[in-house]
Amino acid sequence: LRHKVETVPGLLALRVDESLFFANAVVVEDRIGEQLQLDPGLHHVLLICSAVNQIDATALEVLTELERSLAARGIVFLLAEVKGPVMDRLRTTDLGRRLEGRVFLSVHEAFLFARRRHAQAS
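Those letters in the sequence shown? Residues 63 to 184, by the working numbering.
It should be emphasised that the hints constitute simulated quantities derived from the structure, not laboratory data. Quick caveat: nothing in here was measured; it's all calculated off a predicted structure. The C-beta atom is built at its ideal place from N, Cα and C for all residues, glycine as well.
Ranges between beta-carbon positions, derived for each pair:
no.	residue 1	residue 2	range
1	Ala85	Arg178	34 to 44 Å
2	Phe84	Arg179	30 to 40 Å
3	Phe83	Ser184	37 to 47 Å
Using the sequences plus the hints, can you model the full thing?
Here it is, written out as structure tokens:
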């Protein structure tokens with residue numbers, strides 16, 4: 063490993079390195095699906111959005127459906143480090159309402175949330 067990283071059992075954390083739009087949102091969804099196949103014990107999925115400057119309507123639809131699909135499987139979807147303009151857009155959507163209390167200023171806060179929820183469930 064190049065860096066020592068903190069891990070949380072049952073948490074998948076993915077960092078998106080560009081804005082989310084119609085051409086790449088499904089790639090993110092597919093990557094999450096692949097990881098869920100590899101680790102069926104996942105109970106939290108965290109999307110780290112520090113590099114996401116914009117999000118279009120198609121990407122919002124994809125993320126909304128992803129959140130619903132994960133919730134149906136008992137998996138909690140989280141966002142962290144969402145930039146102001148993206149958060150402004152998110153707040154006006156069904157996804158923004160569904161994610162209330164699950165959007166964090168930092169990855170560390172999201173990790174703590176997932177760790178607490180996992181400990182309560184155990």
